[in-house]
Amino acid sequence: MATSTMIIPGEKRVVKNHTSLKQTIQNSLTMAGRGLIKVRRNPEQLFDVIIQPILFTLMFTYLFGGAIAGNVANYLPIIIPGILAQTIVTASVVTGTQLREDMDKGVFDRFKSLPIARIAPLAGALIADIVRYVIATGLTFCMGYIMGFRPEGGILSILAASLLVIAFAWCLSWIFAFFGVIARSASSVQGFSMIILFPLSFLSNAFVPVNTLPEWLQWFVNVNPISHLITAIRDLVNNGTIGVDFWLSIVGGLVILAIFVPLTVRAYMRKA
Amino acid sequence: MTKPVNAIEVKGLKKYFGDNKAVDDIDLTVPSGVIYGVLGPNGAGKTTTINMLATLMKPDAGSAKVFGHDVVKEANAVRQLIGVTGQYASVDEKLSAIENLVIFGRLLGLSRSESKAKATELLEEFGLTEAAKRPLAKFSGGMRRRLDLAASLIAQPPLIFLDEPTTGLDPRTRNRMWDTIRRLVKNGSTILLTTQYLEEADQLADRIAVIDRGKVVAEGTPNELKKSIGAATLQLHISDAKRITEAAQTIKKVLGVDTQNPEPKLITAPMRDPDTVTDLLVAFKEVGIKLDEVSVQKPSLDEVFFALTGKTNSAKKGKK
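Chains A and B supply the protein sequences, listed in that same order.
Everything in the first sequence is counted per this note's numbering, starting at 622 for the first residue and increasing by one.
Everything in the second sequence is counted per this note's numbering, starting at 2 for the first residue and increasing by one.
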């Protein structure tokens with residue numbers, strides 16, 4: 622028998638009561654790796670970040686292109702950043718629902734009983750989701766390219782815009798991670814998040830010029846952080862410039878982190 | 002040399018869920034290297050106790066130490082000394098058996114190759130090699146339970162918690178699980194096992210604590226518990242059913258106790274002093290009553306349980 626080696630008695634073991642930063646990072650990466658294996662096992666988890674960019678780009682471009690920009694080619698520089706922001710913002714909700722599902726499972730009890738960094742399952746989930754944002758971003762730009770979108774800013778500006786939108790989505794996912802930690806069930810996370818996301822993503826400058834809207838709505842659209850994110854992407858990919866909206870988006874992301882990282886971590890540690 | 006420390010020391014442990022006193026002032030001492038059985042019906046507080054000892058839940062009052070480390074103040078140290086196998090398999094349904102074990106190995110600080118080697122070794126030991134790459138959704142209850150136990154053994158912990166390890170398993174799988182548990186103790190592990198099956202506690206445990214409604218109602222070796230219930234029963238099968246009354250009178254004369262005869266040829270009597278049995282057998286020989294069989298029946302743990310808690314162990318009948 623392979624494990625016939627004698628067990629070292631409890632009193633002779635050297636144990637420590639804290640986890641080092643190195644161990645915390647290692648544990649978090651292992652948990653992220655676990656998240657990726659799960660995605661490989663259930664590719665349907667990626668449906669939203671695969672279908673939405675393809676479907677929305679096709680649908681909205683041909684639907685609104687003529688009416689808003691005169692033709693499809695003129696509409697692409699407006700709609701692609703809009704759909705990119707919308708897709709990635711919706712994709713960040715999944716962090717919350719999956720975290721909730723995970724925490725309800727038996728395996729979470731085992732994680733809690735292991736001598737690992739308490740934060741690792743949460744951190745791992747947040748890291749693994751970056752892959753989803755990369756897929757969504759890549760696919761949206763690919764769809765745009767296929768449909769004739771040739772950004773003025775060139776490849777570097779596309780990379781910069783991708784980084785910006787992925788970073789923003791990651792910041793945003795902390796909000797949904799918080800809902801995930803405090804909610805009773807995964808479906809309540811989903812429902813609650815959608816109520817917030819729908820107005821945020823549609824009542825923005827994603828699809829239509831803001832000046833066509835009634836004044837009170839213009840006010841909301843202009844303060845909506847998603848609008849700033851979309852303008853920042855447009856500036857980058859269409860003009861290759863970094864404007865005030867770029868910095869506003871970054872500040873917005875940091876504000877979300879400043880509020881929701883402590884909230885989420887505290888709520889999570891109470892349960893973990 | 003450090004002096005031997007008790008694997009578990011629990012004093013005045015309490016956990017209330019609202020009005021429900023799930024664990025109400027429990028004391029336990031588990032020496033190193035034994036199988037300790039915690040026996041009780043559903044809802045007695047067994048799982049809550051394990052959850053607190055395994056640092057999954059904070060006690061409301063009292064203290065619990067694992068190898069001298071406090072489960073609240075030194076939770077992370079305790080986690081390095083324990084393995085937990087819960088009532089419900091705590092493995093990842095969406096991953097394969099080997100992926101599960103490798104991830105737990107990595108989390109415990111093993112390298113990629115070490116985790117793989119350890120996982121392969123454990124799967125082999127638990128007879129899961131063929132199913133290693135299959136998704137867990139296709140695993141039977143017994144396989145899942147074995148994988149769960151395997152996962153608890155990656156770090157070779159000196160203390161293992163097994164929460165109802167055989168509930169819902171068929172008798173053959175259950176016997177295999179029992180063998181595995183016995184082997185673990187031979188290697189030097191200490192095991193705390195909860196069960197609602199009296200037979201299981203009797204078979205495996207060196208010491209047993211009977212708990213009911215969050216309290217320890219009895220503690221001791223299986224034999225001590227049985228003795229505390231009272232005398233053993235002497236059972237005599239006599240050859241000739243017609244002489245049963247005469248046999249009863251002889252017993253009354255020699256042992257001074259009343260008898261019962263549940264079957265035409267069977268006569269039973271409480272046995273307080275085993276030495277007097279010789280006198281009885283001699284007396285039977287003198288009057289010429291022939292015996293087919295003589296046996297002594299110790300009280301079963303079922304009776305112990307009933308006597309201590311005033312309830313029948315309904316779970317046993319329901320699930321076996």
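The set of hints was computed from the structure by calculation and includes no laboratory data.
Just so you know, not all the hints are guaranteed correct.
Pair ranges (Cβ atoms, derived) [said to hold, decoys possible]: (1) G63(B) x F823(A): 49 to 59 Å; (2) N663(A) x T121(B): 22 to 32 Å; (3) T121(B) x S641(A): 21 to 31 Å; (4) L650(A) x F18(B): 32 to 42 Å; (5) I671(A) x K134(B): 25 to 35 Å.
Please read these numbers as outputs of a predicted model, since none were measured by experiment.
For every residue, glycine included, the Cβ atom is placed at its ideal position computed from N, Cα and C.
Going down the list of hints, with the structure as the test:
1. Distance hint for G63(B) and F823(A): a CB-CB separation of about 55 Å, consistent with the stated range 49 to 59 Å.
2. The hint said 22 to 32 Å for the Cβ distance between N663(A) and T121(B), and at roughly 25 Å that hint holds.
3. For the pair T121(B) and S641(A), the beta carbons lie near 29 Å from each other, so the given range of 21 to 31 Å is met.
4. Hint check: L650(A) to F18(B), Cβ distance near 36 Å, so the stated range 32 to 42 Å holds.
5. One distance hint, 25 to 35 Å for the beta-carbon pair I671(A) and K134(B), holds here, with the actual separation near 26 Å.
Figure legend: structure checked against the earlier numbered hints; every hint is met.
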